[in-house]
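As given, the protein sequences belong to chains A and B, one line each in that order. Per my numbering, the very first residue in the first sequence carries number -13; after that it's consecutive. Per my numbering, the very first residue in the second sequence carries number 14; after that it's consecutive.
Just so you know, not all the hints are guaranteed correct.
To give a feel for the contact side, a few chain A residues facing chain B, derived at Cβ under 8 Å [unchecked claim]: (1) 46; (2) 70; (3) 73; (4) 74.
Worth flagging that the hints you see were computed from the coordinates, not collected in a lab. Cβ atoms here follow ideal geometry from the backbone N, Cα and C, with glycine treated the same way.
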Amino acid sequence: MSDAAAVVEMAAVSKDYRLGKTEVAALRDINLEVRPGDFTVLAGPSGSGKTTILNLVGLIDKPTAGEVRFGGEDTVSRGPNALTSIRRDRIGYIFQMFNLVPVLTVFENVEYPLVLGRVPARERRRRVLDALDKVGLAGRIRHRPSELSGGERQRASIARAVVKKPALVLADEPTANLDSAAGAVVLDLMRKLNREEGVTFLFSSHDPRIIEAGRRVVRLRDGRIEGVSDSGGRP
Amino acid sequence: MIFLKLGFRSLFRQKRRTAVSLLVLTFGIGCLLLTDSHSRYIKWGLRESTIHSETGHIQIFQRDFFLREESRVLEFGLEDVEALRNELLRLRDVSLVQARIDFMGLVSNGEKSVACLGQGVEPAQEKRLRGLFRMPAATYDALAARGDDVHVIALGAGLARSLGVKAGDSVTFMSTTAAGALNAMDLTVAATFRGFSAEYDARAAVVPLRTAQLLLDTSKVKSLIVTLDATERTDAVFDRIGRLARDKGFPIVLKKWHERALYYRQVEGFYKQVTGFLSVVLFLIIFFSTSNTILMAVVERTPEIGTLLALGTSRRQTLTMFLSEGMFIGLIGGALAAAFAFLATRGLNALNIILPPPPGLTDGYPLSFRLSSASTALIALGAVAASALASILPTLRAARMRIVDALGHI
């Protein structure tokens, strides 16, 4: 591991859900940190807590106990506006179902986070075209998501996630809805962005081929970290 | 800007639902505009016909006329009106000044006598007054055609029928003079006429002003009727006449046409109530229709709302997006309704449809419309406001969503 300051740290984090009258422990005593340039996979079967960790790290949910620190700052006590700002400026999301806005073009979808960040129009355009070029969608900027294949949609989603140059990109089962060929393309793209651009990824998967690709694999079972394997090396 | 763009484009996601909402809005607001423009036509027509047949724009009475009860006919009538009339005719915007006397009497065919409401008028002036609004003036034509002959009378159709007389027949008119004595004149029926209601026709008689003065044995008149070039000038001329009276010492009191037009005020009140009630009903329909559309949009797009919130969209920006969607529905619906009302009023006006007479009245009236651009803008803006208002609750629901729940919503 490098000595660089962690992008995000989870310390003794637990998360309980209430399902009717039953309390369900989704996470138990999780300690995890993601450092700049990491390419970390959360691996484990369904219900192991992968998505819950991504939700907590992505600041769209709060832990029942423990601390989630983003860029060294505690986030648990922060109000909704502060969390919105962190999500807007420092976190990129890649969703399993792509979650592109259907009424916006590919260009507008990728541009959206920059609009939220009040990036000037000319700079926005440059960065969006650059991001789309990197994901191989430069020729599809005026298309609507419905006019793209699944793989193309996920690549547009990746461009949207990285265009604002976030400190961390979270991806929840990014290849689960793709065939193996498209999944491989998406995975290669993420690895390339990590290697060449230094983009920090934390993503979840239960696909063995994807897990193999992770330089650092955090294995989860029943809401606990079962083990961490680190093949080392960061860009 | 992107939130407005999102709001606008989202209208086309569920085209059928948006179309139904717009249809409700277009026809709702369109019908309200039609009702409003028809009531405007009715009020305008009634206003101008009232002014050009009864009230003029301003009525002038002797100063005490409304303060004390007359114990004799024309006790508080106007004397020496020519000087005042000449002064009035010199005022800007004044087109006509005419004198009138209202009195009561009995009209008889020799065998039967019927109580009637007489009116002494200046036939040539009355004809000009009606001509200003292109109203029929055959009665006054017939009276004016007799020149200086004071032995003429025009009878309401119902009164003539009751007496069994027609044009050319003779009747006797009896009344009390200003001094309280009984007086009578033999008069020739110059014409019969139909007024606005059967009740009026059964009691009304019109004679030349001079005839009324002879019958009442007076040189006074009850009132002077001032008619202007345009109704909109009423307030200005009213003030001018008031100043004139003070400066020249005329002992008079003034009334605007609106104060003397009871029937007009009743009709105006009636239409205000109808339009008001209809407005409330239609705005409720628009409110619930738009509210339903936005609520459905929020439910259907819950994962998308979750995504946008996760990407860093603020609650306020989410509100803007859905509120703008509601407002766009209102704007488009309002614009379509205005276009619909414009075309419908044009088309219906061109058809010259005559509606049957309302209860108590003798003549039908045209189904015509006067579309007001101010009203159209106001009502269309009301539609936008109602749509925006209707969007608030569902929009708040969207803005308050927990991101995790929204993303997991199926």
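TODO: Just pull the numbers of the violated hints for me, sorted ascending.
DONE: none
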